[in-house]
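Participant: Sequence:
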Amino acid sequence: MSTINEQQYRLISPDQFTSEHIEFLNNFKLSVSLLSSQTDIILGAKDIHSKHFISTDAYAKLVALPTGEDVANRYDVDMPCEGTVEFADCYVREDQELLQQSDINKKVSVLNIHQYGDGVRALVFEKCLLKHHPSQTILGTIYSAREVDISNFFAFIPNSIFEFHRGCSIEAIYGVLNLNDIKLSEYEHEVCFLLILNWDFKQIADFFNKHQPLSRKRSGDTMYKCKNRICDKLGIPNANLALLREALVGMGVHRKIPQSFFNRLLGSHLIIL
555 MSTINEQQYR LISPDQFTSE HIEFLNNFKL SVSLLSSQTD IILGAKDIHS
605 KHFISTDAYA KLVALPTGED VANRYDVDMP CEGTVEFADC YVREDQELLQ
655 QSDINKKVSV LNIHQYGDGV RALVFEKCLL KHHPSQTILG TIYSAREVDI
705 SNFFAFIPNS IFEFHRGCSI EAIYGVLNLN DIKLSEYEHE VCFLLILNWD
755 FKQIADFFNK HQPLSRKRSG DTMYKCKNRI CDKLGIPNAN LALLREALVG
805 MGVHRKIPQS FFNRLLGSHL IIL
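Start counting the sequence shown at 555; every next residue gets the next number (the working numbering).
By construction, these hints were calculated from the structure, which means they are not laboratory data.
The beta-carbon is built from N, C-alpha and C at its ideal position, and this holds for glycine as well.
Do not take every clue at face value.
What the hints assert, rightly or not - The calculated lysine-lysine pairs, modelled on DSS-like cross-linking and capped at a C-alpha distance of 25 Å, are:
| no. | residue 1 | residue 2 |
| --- | --- | --- |
| 1 | Lys-810 | Lys-779 |
| 2 | Lys-660 | Lys-685 |
| 3 | Lys-737 | Lys-660 |
| 4 | Lys-779 | Lys-764 |
| 5 | Lys-756 | Lys-779 |
To be verified - Label-pair restraints from in silico Cβ distances:
| no. | residue 1 | residue 2 | range |
| --- | --- | --- | --- |
| 6 | Pro-688 | Asp-657 | 17 to 23 Å |
| 7 | Tyr-778 | Gln-650 | 36 to 42 Å |
| 8 | His-603 | Asp-775 | 48 to 54 Å |
| 9 | Thr-572 | Tyr-629 | 20 to 26 Å |
| 10 | Gln-766 | Asp-735 | 23 to 29 Å |
| 11 | Ser-656 | Asp-632 | 26 to 32 Å |
| 12 | Gly-804 | Asn-782 | 17 to 23 Å |
| 13 | Ser-773 | Pro-568 | 53 to 59 Å |
Given only the sequences and the hints, what does the whole structure look like? Please build it.
Facilitator: Following this line, the structure appears as C-alpha cells:
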C-alpha cells in the first residue's frame, strides 16, 4: 500500500481488504442501493484501479446497462455505451490524478459531453475519495453527476476548443494550476485559457474589466505583458504567442478550465455526498 499524504492515509487494493473494509464497503453499497430505489441520483464508486464497485440505476442507464448491480466489476472500457468506452482513458486519468492528491478531502468537478446510452448529454461529475477513516485508507473514488444547461458554455467556448477534446471532459481547477512543477496563478491560468480560445489581448482586457474590475483598468498592453511573463515561466522563446498556445494545448490546459469560468458558465452547485 502506498502513502497518499502526510497523515499516512494509504491507497488500498481490493485484494488487500480486511474484514473491516469489506463490511464498510457492503454498508456503502446498501446506501447506494437505497438511494437508487428512492431517487434518480447519478452516483457510484470505483476502486483505486478505476473498476466500479457499485452505482445507482440512474448511472447504469447512462452507460446502457439495466441496473447499478450490472455496473459492478466493470471498468469504463467494459461498458456497452460507446461514448463511455471512447473516453474511458480520460476518466481513468482523472481518477488517478485525484487518488494522488495530497489533500484527501479534495473534490474535482469535470464537465463531460458525449454520447451516452440515452443520447448526447452534458453532465458535471463531482469526484471525491472513498475513505475508511478507522484504518486511514483510501478504497477508491466516489462519483456523482448532474445534468447541466450548456448554452452559455457553447456561447463562450468556440467550436475550435471542442476539436481538441472532442466533447470529452473539462476539469474545473481551483486556485494555482500546476504544469510539470511550474505553477501558474489563477489569473495567469485564466489568461492562458482565453489565449487558447484565440481571444486577442484587447478582448481579454475588456473581459477582465467587466467581470473582475480593478480601480485601474486593464489594457491590451497589460495582457500582452502578462503573456510575456507566462512565456518566461514556461520557457517559451521570444514570448511567441503561437508557441505558447501550442505548448498550453500540449500540456492539456484546454481541458482544465479555471473554477471562476466554470462557475460562471455552469453554476457552482455541488452535489453533497
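Participant: Could you run down the list of hints and mark each one as holding or not?
Facilitator: Evaluation of the provided hints:
no.	hint	result
1	Lys-810 - Lys-779	holds (23 Å)
2	Lys-660 - Lys-685	holds (12 Å)
3	Lys-737 - Lys-660	holds (18 Å)
4	Lys-779 - Lys-764	holds (20 Å)
5	Lys-756 - Lys-779	holds (12 Å)
6	Pro-688 - Asp-657: 17 to 23 Å	holds (20 Å)
7	Tyr-778 - Gln-650: 36 to 42 Å	holds (37 Å)
8	His-603 - Asp-775: 48 to 54 Å	holds (50 Å)
9	Thr-572 - Tyr-629: 20 to 26 Å	holds (24 Å)
10	Gln-766 - Asp-735: 23 to 29 Å	holds (27 Å)
11	Ser-656 - Asp-632: 26 to 32 Å	holds (31 Å)
12	Gly-804 - Asn-782: 17 to 23 Å	holds (20 Å)
13	Ser-773 - Pro-568: 53 to 59 Å	holds (57 Å)
Consistency note: the structure conflicts with none of the earlier hints.
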